[in-house]
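Peer 1: Since chain A is already given, all that's left is putting chains B, C, D, E and F on it; use the hints.
Chains A, B, C, D, E and F, in that order, are what the protein sequence lines are. Under the numbering used here, the first residue of the first sequence carries the number 1, and numbering increases by one thereafter. Under the numbering used here, the first residue of the second sequence carries the number 1, and numbering increases by one thereafter. Under the numbering used here, the first residue of the third sequence carries the number 1, and numbering increases by one thereafter. Under the numbering used here, the first residue of the fourth sequence carries the number 1, and numbering increases by one thereafter. Under the numbering used here, the first residue of the fifth sequence carries the number 1, and numbering increases by one thereafter. Under the numbering used here, the first residue of the sixth sequence carries the number 1, and numbering increases by one thereafter.
Please keep in mind that the hints were generated in silico from the structure rather than gathered at the bench. For clarity, every value in this text was computed on a predicted model and none was experimentally measured.
Below, a sample of chain A positions facing chain E; criterion: calculated Cβ distance under 8 Å: (1) Val254; (2) Ser299; (3) Asn301; (4) Leu304.
Cβ pair distances, simulated, as ranges: (5) Gly166(F) <-> Asn35(D): 18 to 26 Å; (6) Val18(B) <-> Arg163(E): 39 to 47 Å; (7) Asp223(A) <-> Glu37(B): 53 to 61 Å.
Simulated coverage check for chain A against chain E, where a stretch passes if three residues somewhere in it have a Cβ under 8 Å from a Cβ of chain E: (8) 20-27; (9) 75-82.
Every residue gets a Cβ at the ideal spot worked out from N, C-alpha and C, and that includes glycine.
There are 6 protein chains.
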Amino acid sequence: MAAMERPSRRFRPVSGNVLPRFAGIPTFMRLPHVNLEDAADDIDIALFGIPWDGGTTNRPGARHGPRQMRDLSTLMRNVHHVSGLQPFELANCADIGDTPVNPIDLEDTLARVERFVGEIHAKNITTLAAGGDHLVSLPILRAIGGDDVGMVHFDAHTDTWDRYFGESRYTHGTPFRRAIEEKLLDPKRIVQIGIRGGLYTPEDKEWGLAQGIRVIEIEEVFDLGVEGVVREARRVVGNGRVYVSFDVDALDPVYAPGTGTPEIGGMTTVQAQGMIRGLRGLDLVGADVVEVAPPFDPSGNTALVAVTMMFELLCLLAECHGRFSKKS
Amino acid sequence: MAAMERPSRRFRPVSGNVLPRFAGIPTFMRLPHVNLEDAADDIDIALFGIPWDGGTTNRPGARHGPRQMRDLSTLMRNVHHVSGLQPFELANCADIGDTPVNPIDLEDTLARVERFVGEIHAKNITTLAAGGDHLVSLPILRAIGGDDVGMVHFDAHTDTWDRYFGESRYTHGTPFRRAIEEKLLDPKRIVQIGIRGGLYTPEDKEWGLAQGIRVIEIEEVFDLGVEGVVREARRVVGNGRVYVSFDVDALDPVYAPGTGTPEIGGMTTVQAQGMIRGLRGLDLVGADVVEVAPPFDPSGNTALVAVTMMFELLCLLAECHGRFSKKS
Amino acid sequence: MAAMERPSRRFRPVSGNVLPRFAGIPTFMRLPHVNLEDAADDIDIALFGIPWDGGTTNRPGARHGPRQMRDLSTLMRNVHHVSGLQPFELANCADIGDTPVNPIDLEDTLARVERFVGEIHAKNITTLAAGGDHLVSLPILRAIGGDDVGMVHFDAHTDTWDRYFGESRYTHGTPFRRAIEEKLLDPKRIVQIGIRGGLYTPEDKEWGLAQGIRVIEIEEVFDLGVEGVVREARRVVGNGRVYVSFDVDALDPVYAPGTGTPEIGGMTTVQAQGMIRGLRGLDLVGADVVEVAPPFDPSGNTALVAVTMMFELLCLLAECHGRFSKKS
Amino acid sequence: MAAMERPSRRFRPVSGNVLPRFAGIPTFMRLPHVNLEDAADDIDIALFGIPWDGGTTNRPGARHGPRQMRDLSTLMRNVHHVSGLQPFELANCADIGDTPVNPIDLEDTLARVERFVGEIHAKNITTLAAGGDHLVSLPILRAIGGDDVGMVHFDAHTDTWDRYFGESRYTHGTPFRRAIEEKLLDPKRIVQIGIRGGLYTPEDKEWGLAQGIRVIEIEEVFDLGVEGVVREARRVVGNGRVYVSFDVDALDPVYAPGTGTPEIGGMTTVQAQGMIRGLRGLDLVGADVVEVAPPFDPSGNTALVAVTMMFELLCLLAECHGRFSKKS
Amino acid sequence: MAAMERPSRRFRPVSGNVLPRFAGIPTFMRLPHVNLEDAADDIDIALFGIPWDGGTTNRPGARHGPRQMRDLSTLMRNVHHVSGLQPFELANCADIGDTPVNPIDLEDTLARVERFVGEIHAKNITTLAAGGDHLVSLPILRAIGGDDVGMVHFDAHTDTWDRYFGESRYTHGTPFRRAIEEKLLDPKRIVQIGIRGGLYTPEDKEWGLAQGIRVIEIEEVFDLGVEGVVREARRVVGNGRVYVSFDVDALDPVYAPGTGTPEIGGMTTVQAQGMIRGLRGLDLVGADVVEVAPPFDPSGNTALVAVTMMFELLCLLAECHGRFSKKS
Amino acid sequence: MAAMERPSRRFRPVSGNVLPRFAGIPTFMRLPHVNLEDAADDIDIALFGIPWDGGTTNRPGARHGPRQMRDLSTLMRNVHHVSGLQPFELANCADIGDTPVNPIDLEDTLARVERFVGEIHAKNITTLAAGGDHLVSLPILRAIGGDDVGMVHFDAHTDTWDRYFGESRYTHGTPFRRAIEEKLLDPKRIVQIGIRGGLYTPEDKEWGLAQGIRVIEIEEVFDLGVEGVVREARRVVGNGRVYVSFDVDALDPVYAPGTGTPEIGGMTTVQAQGMIRGLRGLDLVGADVVEVAPPFDPSGNTALVAVTMMFELLCLLAECHGRFSKKS
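Pulled out of the complex, with its shape left as it was, chain A reads as follows:
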């Protein structure tokens, strides 16, 4: 009986052997573009963009991120060359377009994104989002987070600042402070990887550490090595539900120049891929890859890096979907 209710439609990427990878309308991973309303019963994992940068305090442009990421994502293929995972066989994946946003109204946008993601979540669909600046993680977590959710957070910055210009509580530097305050994340099960760069004040680090966040600064990343970081990250997040947020500025700017707040001295893509692969088997509730700002990298290399990280994450989410059988 369950079988009869299962997907009537099976979504798979358009093959590069039928339509060349540079051809066709670019969707994430060359998956079908479907409307959430029409296809909700069929989708296991929804890929979508959040084209917004209203929380950006320095270089804007992340609103253009999803489009460039879709373009470059057409270079992705079907089988992970190390794990052998085949995400499009393990789960029914689709591109459901972009969330609604309001480019000139921050609070309106937070509400729109939360509502959109909430609808996905209500249908038991796993989310894989492409930013947008890092503030977009907040409405996602408002929709799918909770105090039982841990987080593996790749970033140059902790994004746990409090205020900006005295008054502003919502910027791309504050999402996780707000998320912790709102009980959308369990701070003791948060690990932040790759943190670096000058501080405004010596106290910048204190609040997060006081909440129990485990911060692995970039120097410790290099000391521990990929395996050591993975071990520590898995220890911190444990067995419960986990969200993964990947800010491309975790990477050294040579890999991701197209971003809002570059910090030199970051990790390599090889290290980042190794760390994501090391998260295999965790109970992942969703993920995002954020802060791709195309105007600062028209070559598209930053977006290529970002969508490869999306593919790495998708492999894990798809396997996780099978194992935890969200739909049946």
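Peer 2: Using the frame of chain A, we list chains B, C, D, E and F on its own:
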């Protein structure tokens, strides 16, 4: 009864007041992306790409043209500011994706494109194509041309060369020689506008003139002015069926640097827009805008120019559609 | 006696024959950078930036405009080659830095800019502002406008839209609707030059025309020629106080690709320079040059064009200052 | 008998129908690269580069000009499309490489270039040089100039300044002052076309005018039109020997962004081509195209414009060569 | 006596102390450009380009590779800083230009390249080729390969796919499958280094492994380290004849963004240099460096990396030449 | 008494929480711009630019370095995230503008820079300079060096060549040979880190080694690791006075493409940061960061890397200032 069989679906661009213009999956003019099979009965004008540059003898990259043109086309709006024409009200327009192509097989590609366009044409749908290099006009004309079809051809080059490297009969320098030989165009009703640049031999111009083509070299364009060129072009093509082919290298390279064979000293976009507007009322059977090579203009300005020309042409095609009532 | 109260400090650009033009900290036109508080009594014309793009509905980046414009402004010299005007001899000009802004709070920014410009205005100093997106003209006009102020407005867009996304009243597409509603401009003494590009609806043009604004669309600009446009603009604004607002998208995108909403088919820099020169002798209360978005033109050519327009305007403002003798 | 001893070797460009234009080692116009010593008796017109920018007071990079110009020159063809002139049939043209230069020693370089050009001139070969900054015209004129030589000079700047930094007499702003002082040019037979941009002091224009130079500022260029400028230029230079110096900054920066001292509001390539064509029939002793600075235009469009101007000039030089029969 | 007839001409790079490195016509390593026919008896190692990308299934542009590589190769010097090898002293090296190609005919090009390389090989000259896309290795191997030839192959991809689009047997993804089928390589003596990236199907790896190819995926490269990879590579290729093929996409895209099929997570240039140096002493029959696509990296950094790899390889080839004394 | 109340003025960066980091006139680290004459008594560490590239033998553009470095330096913050050092609390730092230079006179420039730095040094102010090409280190050392000064020198090149073009003794390849000859450095206390790239002749390395310079070529850097290099560097320079000179070409070109003489295979920013941090506690007399050539990296990433190295160095200089209490 006819009315009942008429389009059940009405296609209109996504409004920029609902989804910002930089958001969403980029289709031509933000129109719905539909499959030809599903929607043939509903469509009046089909927009599609031909992502191919296998006929290019110098700088390749036009295979990437349609995707960048779709991206930039999201800046287009609904109403022509001079004529007041509203193409999306006058005709049911849709993006039907890209034609099949084979990036490493020239003859196979010519066959695939011809077949694809033939199917559109068989359903009485007007075609507006985005190249691709200029050789793509040949399979289009094989599908929709005939010895009763004239052509308004904007270009720096006549594209009526015979052979290349001794043997090769199909390059982006030969489509209109082949088309005339194959009786897909009436040479006496062809006008070529903007021709310029050094010649290989003094005889380069002879064949076309001998066929009766009216060549308006760029110097004559400047002498006649926009109105004079329009008058002459209308005189040449007369009242019969007319195809419009717009090679972006007709424009000066400052307007269209992203192209395969730039020639300095070309026309301005203002002049080109004026000339296209002057074609209003002709019996247009289709049009193309070709030779956008994004790797040579990552800024997208060339593509913006090209899609604005597509919008100019779409206004004419849509009005023409209404007047000649292809579907009823 | 007047002499005794006159400026003790005389501000002049650093000579390129002492410090090469590529050297030194870049201020507008290589003028001294002074604090308004310290130097208010000495300054006749204040140049400043408004580094903000919170009103931008499409491509952001104008917040980076003032810095790139300062950089390129170091290429400016002292004497206008046609009029012979020497702005730095006619008036005491200085760079007073950037206005306060809040990159993530629109209303807060409008208030900060208005207050800053208000202080300048209160000291009888003429303002020449570098944007920033076009919404920055609104707080400037709130500080210095009035129903006796006309405007010469160079732009591709009327910027008199009403709302965006249903609710948003303040975007870079609405400043002059708000300004007219708030009686900061006399609509019957507004002339808009260079308007073009597709419309959202056929009604887009109506509101402005109903207020009495004189719109010279780009086609009419080409028909009238520079002299004709100047004659008409002077007729419209008459003898009273006039503000000049120059949006770089009035120019064709080949001259100003680094902008938020490019529209092809615009005016040339030669035409724009001719029109500005034609405004000589008007009673100018201030001016701005806006919508330079450096991420879309890292070459700096857009900024070079913009600062040359600032120099053209400065010549007029400086002469005007002398004639109307605001300080004595 | 002398005829029998005439060129045993005939130099022609490699055909694009044998080796594609993007292939092969790039020489000017795809001509053979020969050593002056070996081939002096065979050459009528020598094309060479002067890779040097030691006279540049602002943005350097013109030392890289000749190489990029050679690269783009491979797009040139054989027959002028308007005049029908075939320069490679009219004269034996060759690429003789670059002059010696010393990148860190100005005076040494002036001597090296003068000696190199002097050797060419001694063999009765016409020179067509690719700069390099504009100071390179001085050693060329020292080799081939004289008080019977007039000049048609396209430029945004008069390049007749006296000193820089108090002491420096040789910069790219001074070559023609030095040339006149050294009696290498007859100032009364010099016409400068396209001059514009702010002045350092009101006196900047005086020295040149006092010498009798005819300065056609850009505004007058637009007033006179191409034909009027040509008429005036021919009147000024008369029937005697004439040198042509083309600084790419004569053009508007949209056509030639890759240059050291861009000035907006310049001429178009169409206008420049028209003016060069109008010089047909003059007794030309040589020409140069200078100030291409590739680091400021990696796209190569500036170089493409520059080499097309070289081709335009080469047509005139080749015809002139035939008519004035320098070799026999 | 034979010795006396040996090279009358000794080819050495033009010194940077005589002609600056940015000056002069760019040949590979600033070596003399000679015709094969004229100089065959003098040449030990021939450097040449194969300006062709007709086998490219994604981003074209490698046809422009040789020219940009020549340009950047002028930065190379004479002595290897680690090994002390002086290739230009050990062997007579020259730039013999580009092979013939036909940009629009794949099979014709394969034949032209094979013939050209065959002529070189017939004269006992070692070949060092600059691509072009990777399909160019096939005609090279047809000229110089055999079932006694092993290969060290640096690449992100195995390039042993079978067909493309059902029918096409020759693309840049198939050269080594064809070469093995044609007995141009001994698969058991092939080592592929750096393989990575998503697979189309789980079976992608099987064919090559079944032939006995040793594939060292990038993860194993990082595990083994440079020394370990070198040891394994030498074990695989043994003492017989060996060809080296270096695809720049073996490198991480930050080092080589200008390529057709970038894959993130690749090796560094330091690792690649170390591995090439580790091949010293092998019996090398030739080498190529391929897949440089300049339109995707106008900065030239990719080409700089590629030509430095050519210099590394040239040191080995030159030493090998001396040791195996091909000419005597 | 006034003397006892030393610094009446305290210089601190403008806070990013008051003026966004992209706003305002860009000074080094957002410090106040002061005149040396006015503020000499208040300043402990002077940051300044040397906008000059007259010693450059290949790709020019370093004259534009200081301006782009100031722009990017606005991204720096206050507290070092590893050491916790707060340079702006430890020392009174200010931007004193650029040194005088003469872009077309090498010797004049050397004199101007020496005089300017000499004045700073005479006032017991520590210098942190931003180049400019590497020749600028020579006049700095003439002002502050001596035979008791050692040097830690990061570079791809030893810069101890003797002559260029036979005669020229001053280029960016010779500063440290001249400095040693002039007894401005103790060669036995010089360590050069990161040296690599082809040599002109096998003797290139000899002179420096004969003087006793310790050269750590890049291969040894990788072998020793950061800690090993630091240990060796500290051993070499010992306890005496030390200058630090950081040429950005020490880094791999992916981190610093905007430079005059790129050499692939360099160190990472992470390694460089580690090595600079390892110099903590040395008796530092000054430092420079040189060879940033913006025309070759308009993205600004090279400048971002360079100014982050300046911040790393400033932390050490400021601590050193406190410890050695130069002012009291």
